[in-house]
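Sequence positions in the sequence shown follow our numbering and run 4 to 84.
Mixed in with the good hints there might be a few duds.
[Unchecked claim] If you anchor each label on the Cβ, the simulated ranges turn out as follows:
#, residue 1, residue 2, range
1, Q64, T40, 17 to 23 Å
2, G66, Q42, 32 to 38 Å
3, D46, G24, 24 to 30 Å
4, A13, P70, 27 to 33 Å
What the hints contain is simulated information worked out from the structure, not anything from laboratory work.
All residues carry an ideal CB built from backbone N, CA and C; glycine is no exception.
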Amino acid sequence: TFCCLNDCDAVLTAVERTVGGPSAKPDDILPFLGNLTTQSMDDPRPLSANLVAKLEGIAAQGGGTVPLHGRLFAQWLHFAF
């Protein structure tokens, strides 16, 4: 048996490929995510100021970078996509 990937898994994989590492600064992630579409969204969805602030908060806790495999970024992706 197998299971389907959800949108967050696909987005995480795309982010990893774009930034080339396990963490990145919000300024490196946000332009990419702001132009991203998924299987459940045909058009890019603008990221609210609240979501941007939350991502910056995650980075602040991570010493200036967002740990892509951390729980907080996974939760953030869930709300963003």
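Against the structure, the hints:
1. Q64 with T40: 17 to 23 Å: About 29 Å separates the Cβ atoms of Q64 and T40, which means 17 to 23 Å is violated.
2. G66 with Q42: 32 to 38 Å: 33 Å, holds
3. D46 with G24: 24 to 30 Å: Between D46 and G24, where Cβ atoms are some 28 Å apart, the hint holds.
4. A13 with P70: 27 to 33 Å: 19 Å, violated
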